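Chains A and B, in that order, are what the protein sequence lines are.
Numbering that gives the first Met the number 0 numbers the first residue of the first sequence as 0 and each following residue consecutively.
Numbering that gives the first Met the number 0 numbers the first residue of the second sequence as 0 and each following residue consecutively.
None of these hints come from the bench; they were simulated from the model.
Model, not experiment: these values are computed from the prediction.
One or more hints might be untrue.
Okay, the calculated beta carbon distance ranges per label pair [stated by the list, open to error]:
| no. | chain 1 | residue 1 | chain 2 | residue 2 | range |
| --- | --- | --- | --- | --- | --- |
| 1 | B | R86 | A | G169 | 34 to 42 Å |
| 2 | B | G113 | A | S4 | 23 to 31 Å |
| 3 | A | G178 | B | M93 | 19 to 27 Å |
| 4 | A | G178 | B | Q58 | 42 to 50 Å |
| 5 | A | S62 | B | D112 | 30 to 38 Å |
| 6 | A | K107 | B | K100 | 44 to 52 Å |
| 7 | B | C73 | A | G169 | 49 to 57 Å |
| 8 | B | C73 | A | K107 | 34 to 42 Å |
We put the beta carbon where it would ideally sit given N, CA and C, even for glycine.
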Amino acid sequence: MLRFSAFLLIFVTVLVLTGGLSWFAIRDYRLAVPVAQENLRGLALTLATAMEGVAARDPSLKSLTSFQTPEIAYAALLSAKGKILFHTNPDLIGSDVTDERYRPVLTKEGLSESRVRLGTGEIVSEFQTPVQLSDQSGILRLALHTWRSEAIMRRARQGMTEIFSLLTVGWILGLIIIGLLRRQARQQRQAARQQELARLGEVGAVLAHEIRNPLAGIKGYGQLLEERLPDGRERGFATLIVSEAWRLERLAHDILLYTRSESIVAAPCQPAIVAAGVVALLTPQAQELEIRFSCDIPDDLLVSCPEERLQQVLLNLLTNGMQASPVGGLVTVSGRRVGKWVELRVTDNGPGIAKEMQNVLFEPFRTSKARGAGLGLSVCKKIVDGCGGSIEVKNGSGGGAEFTVRLPVAVLKNGESG
Amino acid sequence: MQPISIILFSLLIFLASFPASAQAFWGTTKGNCTCCLNFESGYDVNTVTTVTGRILSIQTGIDHHNLQMEIECCCGIRMMVVLGPQRYWAEQGMPLKVGDKVAVCGSKAQGQDGVIYILAQKITEISQGVVVILRNESGHPNWADGGGENGGR
Numbered sequence: 000m001l002r003f004s005a006f007l008l009i010f011v012t013v014l015v016l017t018g019g020l021s022w023f024a025i026r027d028y029r030l031a032v033p034v035a036q037e038n039l040r041g042l043a044l045t046l047a048t049a050m051e052g053v054a055a056r057d058p059s060l061k062s063l064t065s066f067q068t069p070e071i072a073y074a075a076l077l078s079a080k081g082k083i084l085f086h087t088n089p090d091l092i093g094s095d096v097t098d099e100r101y102r103p104v105l106t107k108e109g110l111s112e113s114r115v116r117l118g119t120g121e122i123v124s125e126f127q128t129p130v131q132l133s134d135q136s137g138i139l140r141l142a143l144h145t146w147r148s149e150a151i152m153r154r155a156r157q158g159m160t161e162i163f164s165l166l167t168v169g170w171i172l173g174l175i176i177i178g179l180l181r182r183q184a185r186q187q188r189q190a191a192r193q194q195e196l197a198r199l200g201e202v203g204a205v206l207a208h209e210i211r212n213p214l215a216g217i218k219g220y221g222q223l224l225e226e227r228l229p230d231g232r233e234r235g236f237a238t239l240i241v242s243e244a245w246r247l248e249r250l251a252h253d254i255l256l257y258t259r260s261e262s263i264v265a266a267p268c269q270p271a272i273v274a275a276g277v278v279a280l281l282t283p284q285a286q287e288l289e290i291r292f293s294c295d296i297p298d299d300l301l302v303s304c305p306e307e308r309l310q311q312v313l314l315n316l317l318t319n320g321m322q323a324s325p326v327g328g329l330v331t332v333s334g335r336r337v338g339k340w341v342e343l344r345v346t347d348n349g350p351g352i353a354k355e356m357q358n359v360l361f362e363p364f365r366t367s368k369a370r371g372a373g374l375g376l377s378v379c380k381k382i383v384d385g386c387g388g389s390i391e392v393k394n395g396s397g398g399g400a401e402f403t404v405r406l407p408v409a410v411l412k413n414g415e416s417g
Numbered sequence: 000m001q002p003i004s005i006i007l008f009s010l011l012i013f014l015a016s017f018p019a020s021a022q023a024f025w026g027t028t029k030g031n032c033t034c035c036l037n038f039e040s041g042y043d044v045n046t047v048t049t050v051t052g053r054i055l056s057i058q059t060g061i062d063h064h065n066l067q068m069e070i071e072c073c074c075g076i077r078m079m080v081v082l083g084p085q086r087y088w089a090e091q092g093m094p095l096k097v098g099d100k101v102a103v104c105g106s107k108a109q110g111q112d113g114v115i116y117i118l119a120q121k122i123t124e125i126s127q128g129v130v131v132i133l134r135n136e137s138g139h140p141n142w143a144d145g146g147g148e149n150g151g152r
């Protein structure tokens, strides 16, 4: 919980920082646009005022040729009828202007501004203002290059680009680091599990050699006593010895199975046949407990898992279901195909599994039962994982436990899938 | 994929898209053009001017199609004179060389790379008086007619 809170705090902080920097970059850029426009407008106003003054004093308008700044694309002085009185291209003086853009200016006061695309493809800011000449009124038209005034916009745009690029790189690096940390944590968990299995393996070996053999002797002599002793208290003790020896033998078997490090060789098998066999095996025991089995797996389903392993999985799950169910209970096993997977579901109508147990149920030596080593489900998980599948548990809608085993569909040699 | 991964990945895409969108946010650049001028057929009589300077270099333009020459005018101002398609000059032969002093009459424009371009209409090589006409008075280029009938030296 503490770890999650720390992660959330860091994530929110980084998100706020990203949002703040983004906002700053966009705001800076947006503010640059009106500043650039004002710069250009100020220049146009200065030039227009100076040119109007010169034009009013010099009726020949020749003095206007002295106005040369790098920002001027062209300048023209038009009569009210559209005749060009002055132009930076002297060849055009005396001709009529070919557009009608000057007309609205006659009825307006002050500087009017528009963006115009010239024949060269360049977009310029065109400023027009009515002017009073020595003998008539006219219109001053100034077309200004925008490149210099837009320098502030370019800087802001570059700044915005840099900020967003840095943020992107930062996020990419952050994601890579998160990925690496998660992988490291996963590897640490795997290493710890391997160590745990290795320790269990040692215990298993000891059990195999040091316990199983004498246990076989105990069980054999117990059975001998059970046969020879007359009915009575002593024979009951002998029966108890045999049943406890059986239990110990199963425990040793489970530990060996769980700790054995062998790879599972995938082989196709029919879960319908395996489940039917397991049900038949458990039926005498179930009848004693008045438990019923229901098996509903289509015959044509084929899974990629060795038959004896799937049998072990179903045996453990059905035994669990049987032990959890009340008298008169029902344990069901069903199967269906979901894409490339076969889903086998084992349900019972017992009390279900407590929420806190669900997360650790498949870990070894975790059990809620009074009798049992807590290895059955661990063995199931090991087998299913080995077959490339998955196993999970939840409580069914009826309240009992619901185990879902997903195994890959077997692909036959002729390419068909079961 | 976990929901948190999807959120982070979406955020990443969002951030990564900003530098690109910022480039075209106000429409000051269009597409991937560097100067955004119409070199081949563009011309505007309003901006016609005559400049004099020395040729610094003659090269293929950034569009790898038009020939350009850089000239240095008085006061050290440099301009790029657009001479038209390479194929036109390959047919006509190039009468100009680096170091020549020339007077260029043409339509002036400033590209979005900040460079001043002159879309040449007439070039006069001053020392020998060679005149090269690339367009008519209204800016119609000679190469648009498929040859150099209107041009001359």
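Verification of the supplied hints:
As the Cβ distance of R86 of chain B to G169 of chain A is approximately 49 Å, the hint placing it in 34 to 42 Å is violated. Taken as a hint, the range 23 to 31 Å is violated for the pair G113 of chain B and S4 of chain A, whose Cβ atoms sit roughly 53 Å apart. For the pair G178 of chain A and M93 of chain B, the beta carbons lie near 59 Å from each other, so the given range of 19 to 27 Å is not met. For the pair G178 of chain A and Q58 of chain B, the beta carbons lie near 48 Å from each other, so the given range of 42 to 50 Å is met.
For S62 of chain A and D112 of chain B, the Cβ-Cβ distance of about 34 Å falls inside the hinted range of 30 to 38 Å, so the restraint holds. For K107 of chain A paired with K100 of chain B, a C-beta distance near 47 Å keeps the hint of 44 to 52 Å intact. About 50 Å separates the C-beta atoms of C73 of chain B and G169 of chain A, a value consistent with the hinted range of 49 to 57 Å. Separated by about 40 Å at the C-beta atoms, C73 of chain B and K107 of chain A satisfy the suggested range of 34 to 42 Å.
In this structure, the hints that do not hold are numbers 1, 2 and 3, in rising order.
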